[in-house]
Amino acid sequence: MVQSGLWGLVAGSEPRLGTAVGFGLRVPQKVIATVMAFGAVLL
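So the sequence shown is numbered by the UniProt record's numbering: it starts at 1 and just counts up by one.
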């Protein structure tokens with residue numbers, strides 16, 4: 001039960017970590033476009 005709680009904590013904190021990294025790093029437009037295109041293909 002503790003392990004499932006920890007995994008829930010990790011999954012719940014992921015958007016916040018991604019936002020912090022996104023604001024802290026300068027990501028080139030080409031990388032952003034590549035990630036978005038890959039996501040569009042998966043959908």
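It should be emphasised that the hints constitute simulated quantities derived from the structure, not laboratory data.
Please note that the accuracy of each hint is not assured.
Quick list of the computed label-pair ranges, beta carbon to beta carbon [unchecked claim]:
1) LEU42 with LEU17: 33 to 39 Å
2) VAL31 with LEU6: 19 to 25 Å
3) LEU17 with GLY39: 14 to 20 Å
4) THR34 with MET1: 36 to 42 Å
5) GLY22 with MET1: 30 to 36 Å
6) ALA11 with GLY39: 16 to 22 Å
The beta-carbon is built from N, C-alpha and C at its ideal position, and this holds for glycine as well.
Now for the hints, and whether the structure bears them out:
1. For the pair LEU42 and LEU17, the supplied restraint of 33 to 39 Å is violated, since their beta-carbon distance comes to about 21 Å.
2. At about 31 Å, the beta-carbon gap between VAL31 and LEU6 misses the expected band of 19 to 25 Å.
3. For the pair LEU17 and GLY39, the supplied restraint of 14 to 20 Å holds, since their beta-carbon distance comes to about 18 Å.
4. In this structure, THR34 and MET1 meet the distance hint of 36 to 42 Å, their C-beta atoms being roughly 40 Å apart.
5. Between GLY22 and MET1 the C-beta distance comes to about 33 Å, which sits within the given range of 30 to 36 Å.
6. Restraint check, ALA11 to GLY39: a C-beta distance of roughly 18 Å satisfies the suggested window 16 to 22 Å.
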